[in-house]
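Here the protein sequences line up with chains A and B, keeping their order.
With our numbering applied, the first sequence corresponds to residues 1 to 116, in that order.
With our numbering applied, the second sequence corresponds to residues 1 to 208, in that order.
Treat the hints with caution; some may be incorrect.
As the list claims (entries may be wrong) - Far from chain B, some chain A residues (derived; all Cβ distances over 12 Å):
| no. | residue |
| --- | --- |
| 1 | K29 |
| 2 | S39 |
| 3 | E43 |
| 4 | A44 |
| 5 | E45 |
| 6 | L49 |
| 7 | G61 |
| 8 | S93 |
| 9 | R96 |
| 10 | K106 |
Unchecked claim - Part of the chain B face toward chain A, derived, beta carbon under 8 Å:
| no. | residue |
| --- | --- |
| 11 | P86 |
| 12 | T88 |
| 13 | L174 |
Claimed, not checked - So these bits of chain A aren't anywhere near chain B, every CB distance computed over 10 Å:
| no. | residue |
| --- | --- |
| 14 | P24 |
| 15 | E42 |
| 16 | G58 |
No lab work stands behind these hints, which were simulated from the structure alone.
Backbone N, C-alpha and C define an ideal beta-carbon position, used for all residues, glycine too.
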Amino acid sequence: MRPMPDPLTEPASESPAELPDLNPVIHGKLRLALLSLLSGVEEAEFTWLRAKTNSTDGNLGAQLLKLEEAGYVAVEKKFVLRKPQTLYRMTESGRRALTDYVQALKQLLGSAINAR
Amino acid sequence: MISNPDEQELAKQELTARLSLIESMIAEGRQTTESWGWSFVLWGIAYYVAIAWSTLGHSNFAWPVTMIGTGILTAVIASRMTNRQPETTVGRAISAIWIGVGVSLFIFCLCASSAGRIDLQTFVAAVAAMLGAANAISSIILKWKGQFACALIWWASAAASCFSTASQSSIIFLVAIFFGQIVFGVYMMFSESRERRNHESKSGAAHA
Numbered sequence: 001m002r003p004m005p006d007p008l009t010e011p012a013s014e015s016p017a018e019l020p021d022l023n024p025v026i027h028g029k030l031r032l033a034l035l036s037l038l039s040g041v042e043e044a045e046f047t048w049l050r051a052k053t054n055s056t057d058g059n060l061g062a063q064l065l066k067l068e069e070a071g072y073v074a075v076e077k078k079f080v081l082r083k084p085q086t087l088y089r090m091t092e093s094g095r096r097a098l099t100d101y102v103q104a105l106k107q108l109l110g111s112a113i114n115a116r
Numbered sequence: 001m002i003s004n005p006d007e008q009e010l011a012k013q014e015l016t017a018r019l020s021l022i023e024s025m026i027a028e029g030r031q032t033t034e035s036w037g038w039s040f041v042l043w044g045i046a047y048y049v050a051i052a053w054s055t056l057g058h059s060n061f062a063w064p065v066t067m068i069g070t071g072i073l074t075a076v077i078a079s080r081m082t083n084r085q086p087e088t089t090v091g092r093a094i095s096a097i098w099i100g101v102g103v104s105l106f107i108f109c110l111c112a113s114s115a116g117r118i119d120l121q122t123f124v125a126a127v128a129a130m131l132g133a134a135n136a137i138s139s140i141i142l143k144w145k146g147q148f149a150c151a152l153i154w155w156a157s158a159a160a161s162c163f164s165t166a167s168q169s170s171i172i173f174l175v176a177i178f179f180g181q182i183v184f185g186v187y188m189m190f191s192e193s194r195e196r197r198n199h200e201s202k203s204g205a206a207h208a
């Protein structure tokens, strides 16, 4: 069996022929984890997301930027007691995209099970 | 389409892993490491202090001063504990209940003790009914039977107080505080610490 590709580092180049209907922006493992985390809370701090995903600052920042560019998360930077705070929340479009992704995933899994 | 059965199996495994990741992350986001058992114990002690002060010191300020002091202490401890925890809809609903009931209790205790028109039985019945309502709503939101039992204790106390003498009502209130605040708070602290330990052992697994 060939090794599984690392989706953390290669989220966009994941076998498009195998997974044609899955949104490549969401399909990256870390981005999917971030969107799933944000779907359960109203907004979350960068540090909380980092702790929950066990990721590095650089990787987390880069993936959040991709989600922000896609319009799936909104970012708010502010100062609380003179300390900088970066808050992320899921947008309506992000919620829709995650819902669509889950639907597509279930359909693909269903067809995989039926094909056996 | 994937024709190779090995590749098909791999793709299926990957899709299943993605689905599990979504489920675990949603659960992780909702998982709270906040503890509130201490606040039940703190307020139980505060009620005892207010009762002792108002009974022995015959002071009209006993209830308002104790409630304000405990309220400030709760707010300070809570703000330190919940710092950096993201807000959830359930969390805000629970906070809304307790803030609403807390303000109602404060206004009622302040006015009832300063006006001096309400007898002890009515006072105990009103306070116990409000605490019963708060615990019941909270238990329904959290789907926690233990807290509903706590609500039943308060409601039973409210009902019993309406049919009892002043001294009986005092005893009912003291017993309800002991079981509804102190015992329940300690039980809550134990279950929260057990849940935290379970959560920490699960969190050892590699996330995304």
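Inset, instruction - Enumerate the violated hints, using their earlier numbering and listing them in ascending order. - result: Those not satisfied are hints 1, 2, 3, 4, 5, 6, 10, 13 and 15.
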